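For reference, the chains in residue letters:
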Amino acid sequence: MKVFFATDIHGSEVCWRKFLNAAAFYKADMVVLGGDVTGKVMVPIVDHGGHWKVTVRGQEYTLDSQQALEDIKTQIRNAGSYPALVTPDELQELSREEGAVDRRFTVEMTQSLDRWLDMADGKLRGGEIPCILNGGNDDIWEIDDIIEQSPCVSFAEGKLLDLDGFWMVSMGWTNPTPWDTFREAPEPELAAKIEAVVSQVPDLGRAIFNFHAPPYGTGLDEAPALDATLRPIHGGAVMKPVGSTAVRDAITKHQPMLSVHGHIHESRGVKKMGRTLAINPGSVYGDGVLQGAVLDLNVKKAKVTRYLLVNG
Amino acid sequence: MATEAVGGETPTLFLRKATGLVRGWSVRDSLIYACLATNFVTLGIYEFTFAGPAFPKGQLLTSVVISGIWVSFLVIAYAGLIVTIPRAGGDYVWQTRILGSGLGFVMAATGWWFILWLWAPIYGNILSVQFFQPIWATLKWTWPGGGYAWFGTKNGVFIVTVITIVIAGFLVSLGMGGYARIQKWCFIGGLVGFAVVVGLLLFNSHASFVSSFNYEAHKLFGVNNAYNATNHAAAKAGYTTTPFGFGPLGPTMLLVPAMMFFILWPNWGATLYGEIRGASDFRRVFSGMFFGLWITVILTVIFFLVMAKTVGWGFYQNLNSLDYNLTPQFGIWPYPFLFAGWLVHNTAFQVILLLVLSLWFFGWVGTLFLSSTRVIFAAAFDRVLPDRAAEVSEKRKVPFWSLILMLAPAVILGAIYAYSATFRTYTLDATLVIAVTYLFSAIAVVLLPFIKKDLWRASPASRIKVFGVQIVPVSGVITIGLLVYNLVMWLWKDQYFVNSHDSLLYMAGMYVLAIVLYVVARLVRRRQGIDLGLINKEIPVE
Chain A
1 MKVFFATDIH
11 GSEVCWRKFL
21 NAAAFYKADM
31 VVLGGDVTGK
41 VMVPIVDHGG
51 HWKVTVRGQE
61 YTLDSQQALE
71 DIKTQIRNAG
81 SYPALVTPDE
91 LQELSREEGA
101 VDRRFTVEMT
111 QSLDRWLDMA
121 DGKLRGGEIP
131 CILNGGNDDI
141 WEIDDIIEQS
151 PCVSFAEGKL
161 LDLDGFWMVS
171 MGWTNPTPWD
181 TFREAPEPEL
191 AAKIEAVVSQ
201 VPDLGRAIFN
211 FHAPPYGTGL
221 DEAPALDATL
231 RPIHGGAVMK
241 PVGSTAVRDA
251 ITKHQPMLSV
261 HGHIHESRGV
271 KKMGRTLAIN
281 PGSVYGDGVL
291 QGAVLDLNVK
301 KAKVTRYLLV
311 NG
Chain B
1 MATEAVGGET
11 PTLFLRKATG
21 LVRGWSVRDS
31 LIYACLATNF
41 VTLGIYEFTF
51 AGPAFPKGQL
61 LTSVVISGIW
71 VSFLVIAYAG
81 LIVTIPRAGG
91 DYVWQTRILG
101 SGLGFVMAAT
111 GWWFILWLWA
121 PIYGNILSVQ
131 FFQPIWATLK
141 WTWPGGGYAW
151 FGTKNGVFIV
161 TVITIVIAGF
171 LVSLGMGGYA
181 RIQKWCFIGG
191 LVGFAVVVGL
201 LLFNSHASFV
211 SSFNYEAHKL
221 FGVNNAYNAT
231 NHAAAKAGYT
241 TTPFGFGPLG
251 PTMLLVPAMM
261 FFILWPNWGA
271 TLYGEIRGAS
281 DFRRVFSGMF
291 FGLWITVILT
301 VIFFLVMAKT
311 VGWGFYQNLN
321 SLDYNLTPQF
331 GIWPYPFLFA
341 GWLVHNTAFQ
351 VILLLVLSLW
361 FFGWVGTLFL
371 SSTRVIFAAA
381 FDRVLPDRAA
391 EVSEKRKVPF
401 WSLILMLAPA
411 VILGAIYAYS
421 ATFRTYTLDA
431 TLVIAVTYLF
441 SAIAVVLLPF
451 IKKDLWRASP
461 ASRIKVFGVQ
471 IVPVSGVITI
481 GLLVYNLVMW
491 LWKDQYFVNS
501 HDSLLYMAGM
511 YVLAIVLYVV
521 ARLVRRRQGI
531 DLGLINKEIP
541 VE
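Protein chains in written order, with the numbering used here: chain A, 1 to 312; chain B, 1 to 542.
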C-alpha cells in the first residue's frame, strides 16, 4: 500500500490542489493530511464601487475589472491567506468592533473549506481514492463538522480508522504553544487523550500514529528559540525542541509501525524510534510547494518498506 | 480567537494568533555571525601576509573597499534566496530546487562539505600563528622542545589542527544556542582587544614603535636593531614596497581575488536560516549580512591606517614579504597584534592582549563545521546520503555521524597538510571551490524568476526594486561577474598557487567524489524502489 502524507498547508489553495492530485502523481493508494488546514491571514479587498483596492505583500493594487479581482483573489488564496471583500465601512467596523475580525475569519475559513471539499469530490472520484483529514492545533472547531459531512473525505480526529491491514489513530491536539491556539492541552492531559484513542487499536504492530505534534527531542520538533516577546533569538538560527513528551512516550511505549507528524514546519525529518519510523515532512505552504512523504507499507510484514520526502 | 490588524487605521491585513507567527529577529545576531565569518583578524590579517608581497604594486586598502562593494551584491543575491526559499541547508536546497538534484548535490557537497576538510588545517595553522606561537614566544616557554618554534614543525601543525578540529566539533555539539552565546561574547571581547590595539597604535609615535620593537625583539628573540634588520633583509631579497595609498587600479584589482579569502563569507550563515519570514525579512536578512561585511571592511581600513601611521607601511610589508619568502623574521609569523602589544613593556599585558584578541578565533572556529552538518542533514533527508548521516544522538543531542563525516577526513587531510609542503599551497583551493558553489547559487538566483515564477512572484525579494528594476536578479548577475573574475584570475595567475597541476587534480578529485556519491545513491535507491528524481518534481496544480 502506498500512502502520501502531507500536513500544515494553512489555507494554501495551491497546496490543497496539489494534495488532491498527489495520489495520481505519486501513484498512491491513499492521501492523508495531518492537520492545520486553515490559514492565518485575511487580506481585505476594499470595494470602492467600480474598482477595488488591496495591499498584497506590501504593494497596493487598484483593480478595475472583475478578472483582475479574481486573479488577485487566487494569488491571495494560493499564499494561504483569505481574501475578504469589504466595503470601506465594513473595514472600519472590522478595525473597531471587538470580535468582528474573529467572526469574519470564521466565515472565510469555513467557506473556503467548503469550496475545497467540493473540489475534492471531483478529484478523488467521489471517495474512490481514500482521503483522510484531521485537525491541527491551529484549526478552529467549526471545521470538524464540515469535514465530517464530506462524502469523499474521512475526518480522523480522535478516531481509530481501519485502513485494510493497518490501524490509524489521529490526534490534532498538541502540547501548549506560546500562541495559545485551539487544540492545546498540558502534557498529562494530552497523554490521556492519546491513551484513550491508542487503547482502541487491536494490533499495535500494525498501527499508524497520525499525531499533529511531533515527539519531543527527536529532531522532528526543532523550532527557532524565542524570547519573551516572541522574537527569535540569535537571528532565528538557534533551534530548540518544542515537541510533545506525551507523543514521544506513546511512541516509545507502544512502538507503532509508523508515526506521522507536522506542526513544526521547519523541522522536516525522519527519526527511527525503536521499531517505529517517525516522520515530519515539514511545510513550506507559503511557497506553494507541497512537502510530503511517500510511504510504501508492506501489509504482510507490517512495516514501512520505503519512504521518500518530496517537495511537490 | 485573538487577532491583530496590520496597516494602521486602514488595515491591509488581519492576522489571527496561530503557531509560528513570530516577531522579526534582531539584526545584531546575524550581523555578529556575518562579521565573524568574514573575520578580518583570523582570515584577513593572515591573508594580507601573502597578498601584499604577491602583488607588491597593488594597494590592499583599495582592494578591500572594492571587494566590499562587489561582495555587497552577493549579499543582496543571497538575501533574495534566503527570503524566497528559507530552508536550513542553504545552497544545497536552493540549487537542488532550482537547478536540479544532481547539480545541487555536487555543488553543495564540494563547497560545504569536502572542501571544509581542507579548511580544518588552515584554521589550525591560524590558531598556531595567532595564539600558540605568540603566547609561547612572549612567555619564553621552551616546552615542547623548541618552544614557540615547535608549533611550526610538522608535528606541531598536526597537533594544533587536531586541537582545532576538537574545539570546532565541541562547539557544534553545543548546538547553535550555546555557540551563539559564545560567539556574542567573543565578538565583544575581540572588538575590545582590537580597540586597545588601535589605541596603542594611534597614541604612540612611529619612533616609539621602532624603539619598542627593537627592545622587545632583543628581549624575546635576541635580535639586535630588529627594525632595520627587517628592512634590510626584505631589500636584500629584492622586495620593494609600494607606498601606502589608493592606486594604481590595475595591480590593485589583482588583489581582489586574494581578498576573497576573508571577505567572501558574509553569507556563511545562510545554511542556518529556518522558515522564519515576514514582509520585512529581506531588510533584516540583508542588513545582518551587509553590516557584518561592512564592519569587517571598516575594521580592516582602520587597521591599515593605524599600521601605516605608527608601524610604517613599508615595514609591515617587509615583514610580510619575509614570511612570504619562507624566511620569517624571528622564525615566527609576523602577527601585527603581537608587535602592537610590544608598545607596553609588560609581559602580563602582552599575554592578556593576545588572549583577548584570540577571541576572534574562538568565536569563529565553530563556523568550520556548523553549516556542513546542515547540508549533510538536508542531503540525508533527500535520501542521497544514508539515513544515518542525519541521526542525532538522543542523549547528548550530537549529530554524531555528520560530525564523523566532517572530522575523520579533516584529521587525515590535516596530517597531509602538516607533513606535505606542497599540499599547504592548496590553501586558496579552499576559497575557489566554495566560490564555484556560490557561482551556481548566483546562477540560481538569476534563473529563479524564470524557472519558479510563482515562487518568485510570492517572494518579498521580487518587490525590491531600484528604478523599477528588480535588484535581486541583477545582483545575481553582478555576483556571477565577481565570481567568474575571481575564478579566472585564480586559474590564470600563478601567484595565487591554485593553478598548479596537483592543486587542480585535488579539486577535480573532490568533484569526481561528489558525482560518484550521487550516482551511487541514485543506483542504490533505485534498486530499493526509490526514485530520487521524484524529490523535487512538482505536482500539477490543475
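Hints may contain errors.
Claimed, not checked - One side only, chain B facing chain A, incomplete, derived with CB under 10 Å:
no., residue
1, Phe14
2, Thr19
3, Thr84
4, Ile85
5, Arg87
6, Gly177
7, Pro243
8, Gly245
9, His345
10, Leu455
11, Ser459
12, Lys493
13, Asp531
14, Ile535
15, Asn536
Unchecked claim - Here are the computed lysine to aspartate or glutamate pairs in the EDC-like style, where the Cα-Cα straight-line distance is at most 16 Å:
no., chain 1, residue 1, chain 2, residue 2
16, B, Lys236, B, Asp323
17, A, Lys253, A, Asp203
18, A, Lys123, B, Glu542
19, B, Lys17, A, Glu184
20, A, Lys272, A, Asp249
21, A, Lys159, A, Asp180
22, A, Lys301, A, Asp203
23, B, Lys465, A, Asp296
24, A, Lys2, A, Asp29
25, B, Lys17, A, Asp102
26, B, Lys17, A, Asp180
27, A, Lys272, B, Asp531
28, A, Lys159, A, Asp144
29, A, Lys27, B, Asp531
30, A, Lys53, A, Asp71
31, A, Lys2, A, Asp296
32, A, Lys53, A, Glu70
33, A, Lys193, A, Asp145
34, A, Lys2, B, Asp531
35, A, Lys53, A, Asp64
36, A, Lys272, B, Asp387
37, A, Lys253, A, Glu184
38, A, Lys27, B, Glu538
Read the hints as simulated data drawn from the structure, not as lab findings.
Since the model is a prediction, treat every value here as computed from it, not as a measurement.
Just so it is clear, CB atoms sit at the ideal spot from N, CA and C, and this is done for glycine as well.
Tested hints:
Against a cut-off of 10 Å between C-beta atoms, the interface hint on Phe14 of chain B holds, since the closest Cβ of chain A lies about 4 Å away. A distance limit of 10 Å between C-beta atoms decides the matter here; for Thr19 of chain B the minimum to chain A is near 5 Å, and the interface restraint holds. Residue-level restraint check for Thr84 of chain B holds (minimum Cβ-Cβ distance to chain A is 8 Å; threshold 10 Å). Because the beta carbon of Ile85 of chain B sits about 7 Å from the nearest beta carbon in chain A, less than 10 Å, this interface hint is met.
Interface hint status for Arg87 of chain B: upheld, as the beta-carbon distance to the closest one in chain A is roughly 7 Å, under 10 Å. Interface restraint check for Gly177 of chain B: the shortest CB-CB distance to chain A comes to about 4 Å, inside 10 Å, so the restraint holds. For Pro243 of chain B, the interface hint is violated, the least distance from its beta-carbon to any beta-carbon of chain A being 42 Å, above 10 Å. Interface restraint check for Gly245 of chain B: the shortest CB-CB distance to chain A comes to about 38 Å, outside 10 Å, so the restraint is violated.
For His345 of chain B, the interface hint is violated, the least distance from its beta-carbon to any beta-carbon of chain A being 41 Å, above 10 Å. Here the hint on Leu455 of chain B is kept, as its CB sits about 5 Å from the closest CB of chain A, short of 10 Å. For Ser459 of chain B, the shortest C-beta to C-beta distance to chain A is roughly 8 Å, which falls under 10 Å, so the interface hint holds. Because the beta carbon of Lys493 of chain B sits about 37 Å from the nearest beta carbon in chain A, more than 10 Å, this interface hint is broken.
Taking 10 Å as the C-beta cut-off, the interface hint given for Asp531 of chain B holds, the closest approach to chain A being about 8 Å. The interface hint given for Ile535 of chain B holds, since its Cβ lies 6 Å from the closest Cβ of chain A, which is under the 10 Å cut-off. Because the beta carbon of Asn536 of chain B sits about 5 Å from the nearest beta carbon in chain A, less than 10 Å, this interface hint is met. Proximity of Lys236 of chain B to Asp323 of chain B is assessed by CA-CA distance (about 14 Å); at most 16 Å being required, the pair is judged to hold.
Between the alpha carbons of Lys253 of chain A and Asp203 of chain A the distance comes to roughly 14 Å, so the proposed pair stays at or under 16 Å and holds. The straight-line distance between the Cα atoms of Lys123 of chain A and Glu542 of chain B is roughly 10 Å, inside the 16 Å bound, and the hint therefore holds. For the proposed pair Lys17 of chain B and Glu184 of chain A, the alpha carbon gap of about 13 Å is at most 16 Å, so the pair holds. This hinted pair checks out: Lys272 of chain A and Asp249 of chain A have alpha carbons roughly 14 Å apart, not beyond 16 Å.
Distance check on the hinted pair: Lys159 of chain A and Asp180 of chain A sit about 24 Å apart at the alpha-carbon level, beyond 16 Å; violated. For the proposed pair Lys301 of chain A and Asp203 of chain A, the alpha carbon gap of about 13 Å is at most 16 Å, so the pair holds. With a C-alpha separation of about 47 Å, the suggested pair Lys465 of chain B and Asp296 of chain A falls outside the 16 Å cut-off, and the hint is violated. Only pairs whose Cα atoms come within 16 Å are accepted, and Lys2 of chain A paired with Asp29 of chain A is accepted, the gap being roughly 5 Å.
Straight-line distance between C-alpha atoms of Lys17 of chain B and Asp102 of chain A comes to about 10 Å, which keeps the hinted pair within the 16 Å bound. Distance hint between Lys17 of chain B and Asp180 of chain A is fulfilled; the C-alpha atoms sit about 8 Å from each other, no more than 16 Å. Between Lys272 of chain A and Asp531 of chain B, the direct Cα distance comes to roughly 21 Å. Violation of the 16 Å bound is thereby established for this hinted pair. Between the alpha carbons of Lys159 of chain A and Asp144 of chain A the distance comes to roughly 12 Å, so the proposed pair stays at or under 16 Å and holds.
Only pairs whose Cα atoms come within 16 Å are accepted, and Lys27 of chain A paired with Asp531 of chain B is accepted, the gap being roughly 13 Å. Distance check on the hinted pair: Lys53 of chain A and Asp71 of chain A sit about 13 Å apart at the alpha-carbon level, within 16 Å; holds. Distance check on the hinted pair: Lys2 of chain A and Asp296 of chain A sit about 5 Å apart at the alpha-carbon level, within 16 Å; holds. Taken as a hint, the Lys53 of chain A and Glu70 of chain A pair is honoured in the structure, with Cα atoms around 13 Å apart against an allowance of 16 Å.
With a C-alpha separation of about 20 Å, the suggested pair Lys193 of chain A and Asp145 of chain A falls outside the 16 Å cut-off, and the hint is violated. For the hint pairing Lys2 of chain A with Asp531 of chain B, the CA-to-CA distance comes to about 14 Å; that is within 16 Å, so the pair holds. For the hint linking Lys53 of chain A to Asp64 of chain A, the alpha-carbon distance of about 9 Å falls within 16 Å, and the restraint holds. Annotation: proposed proximity of Lys272 of chain A to Asp387 of chain B holds, straight-line Cα distance about 9 Å (limit 16 Å).
For a cut-off of 16 Å, the pair hint linking Lys253 of chain A to Glu184 of chain A is broken: about 22 Å separates their Cα positions. Between Lys27 of chain A and Glu538 of chain B, the direct Cα distance comes to roughly 14 Å. Compliance with the 16 Å bound is thereby established for this hinted pair.
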